[in-house]
Amino acid sequence: MQPYRYTERKVHALFRNIFNLKSSGPIVALFIILLILPPIIPRFYTYIIALMFVTGLLAMSLNMVVGHGGMFQFHHAAFYGVGAYTFALILTKTSLPMWVGFVAGPMVAAFVGLLIGWFCVRLSRLYFGMLQISLGSLIWAIVFRWYSLTGGDDGIHGIPMPSILSSLTSSYYFILIVLTICLGGMYLIFKSPFGTTLQAIRDNPQRCEAVGVNVRRHQLAAIVIATFFAGIAGILFVVLERSVFPDLLFWVLSLEIFIMCLLGGWFTFLGPMLGAAITMALRTFVGIYTEYWTLILGIILILLIFFLPEGVMGLITEKFKGQVTSYMQEQK
Amino acid sequence: MLRVDSIKKSFDGFLAVNEANLVVKEGEVIAVIGPNGAGKTTLFNLIAGQLKPDTGRIIFKDEDIAGVPPYEICKKGISRSFQVVNIFSRLTVFENVQVAILSHQKKTFKLFSPTKGQVIQETSDILNNVGLTDKANSISGSLSHGDQKVLEIAIALGNRPELLILDEPTAGMSPEETSFTIDLINRLSAELGLTILFCEHDMELVFSIAHKIMVMQQGRSIIQAKPDQVRDNKEVQEAYLGDLV
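Protein chains in written order, with the working numbering: chain A, 89 to 420; chain B, 1270 to 1514.
Everything labelled a hint here was simulated from the structure, so no lab data went into it. A hint or two may mislead.
A few chain B residues facing chain A, derived, Cβ under 10 Å [stated by the list, open to error]:
| no. | residue |
| --- | --- |
| 1 | Gln1319 |
| 2 | Lys1321 |
| 3 | Asn1365 |
| 4 | Ala1369 |
| 5 | Ala1405 |
| 6 | Ser1411 |
| 7 | Gly1441 |
The calculated lysine-lysine pairs, modelled on DSSO-like cross-linking and capped at a C-alpha distance of 30 Å, are [as the list claims (entries may be wrong)]:
| no. | chain 1 | residue 1 | chain 2 | residue 2 |
| --- | --- | --- | --- | --- |
| 8 | B | Lys1385 | A | Lys279 |
| 9 | B | Lys1277 | B | Lys1481 |
| 10 | B | Lys1345 | B | Lys1503 |
| 11 | A | Lys279 | B | Lys1375 |
Each pair of labels, with its calculated beta carbon distance range [stated by the list, open to error]:
| no. | chain 1 | residue 1 | chain 2 | residue 2 | range |
| --- | --- | --- | --- | --- | --- |
| 12 | A | Gly375 | B | Thr1402 | 52 to 58 Å |
| 13 | B | Ser1407 | A | Pro397 | 18 to 24 Å |
| 14 | A | Gly386 | B | Asn1305 | 28 to 34 Å |
| 15 | B | Thr1402 | A | Val340 | 47 to 53 Å |
| 16 | B | His1414 | A | Leu389 | 30 to 36 Å |
| 17 | B | Thr1402 | A | Ile230 | 39 to 45 Å |
| 18 | A | Asp242 | B | Ser1407 | 36 to 42 Å |
| 19 | A | Ser112 | B | His1414 | 35 to 41 Å |
Here a beta-carbon is modelled for each residue, glycine too, at the ideal position from N, C-alpha and C.
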């Protein structure tokens, strides 16, 4: 009896600690809106929102190492592509059941993350980033050149999906559910002792070593976790698009998701998601009027760096915090 | 407890530490003094593992720790604070200390249980001890310099060290903050029984709390003795204390 009640109490404490009501209210509301959207809005918007989910998850996974871990992960898209290609190749070139692809995608991405990360964490900041770019580009080159396996720059198209994921609406819901689970997991990690230690390493690696933290080992673990989530994002992309192509692991995409993190707010949790939504909305809606939509993104970025160095989400949390404190002062 | 045997460290041909010797016995409070550039901080960096000595031995509890990485040395029971404020500036004061305790209890790889529920009591105790309780939830980067220096010590305490190394703990502090810190160091030594090794420019502080004093000059250790003997030593007077005595 006791153990059960203890666990129950523990679970309650966990939820109280992690999800306080004030901040979870808007998130639950948003989730419900996202659930009822697809039948109401045009197909095109359903597709765009699903694509925001996928790219947002990728940006979130990048932010685990960049914003929370302080590492120069300059070529994160490589792992996204590895996850997507692994999934696509298993579905098209083997007769293995589909779930193997779902498991293998993130695992292979994380394994490649481990290999590349093992070298990268041995270097300091900027050199870390340089090595990332070169090793990531190497993977891109392999995918691009290995025509017989990957289809080269044509990619692989018309990847078969089971009937349950056949329509756009069903893949939208599938992506939304996987995204929610992933974000939940990421939030737990963000708030866990590991997450706190990682943020401490970002702030001051030297001091972390002085308090007994093996910095490299923690950084490597963070890279493996982040690349695992990037692999999941890669799979979701295939579920949505049913095709893969080398652009998925091109450095331009790495830069784009880097900008999303910056735009949304490095040091916040959900910032990159918001950054992804803003960037993709700009591309979609401004892109209709002018092909120079990146110009507008550029101007926004310049303004951002000068006026909102903490990103959009950073501004929102600051405002929110301010309200809470003033509210508390009134109560006193 | 700690014995430093004629260690040397040079940077590009410049001998920062040259034949330095030091003995620290359990429970002692030892001060290292010397003019600027005498090699005090370098000596501490060598002991705590931030730097590797070129030659010489550093024996801690019968084990040579020269060249061992800092996180390993910390696990063996040596913890240090830094001369220039060296904290986790985006984390709260509470989290700053919490990280050190989590590291000490080997909990830094816990992935799915919230930090909020971990090592609360231990962290609160330390913050209480150093008088930072009311600032526990402030972002540490926004604290005053004096408070940040105290937080420096608090982080170092998080690892429950046997030997605590403090690099100029009162540098840049106001007179009140300094006297509070002196009091804190005395309490740590008396109540927790910590062995403390520190360096300081404030002579009043050094002579009031150190059991023994080691004097360094140009990378060499001149003498290690009780405060009175150091005060009376000719070589020290010529080299350093000058008209202070």
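**Message:** Taking the earlier hints as the rules, which of them does this structure contradict?
**Reply:** Of the numbered hints given earlier, those the structure breaks are 2, 5, 6, 7, 10, 14, 17 and 18, listed in rising order.
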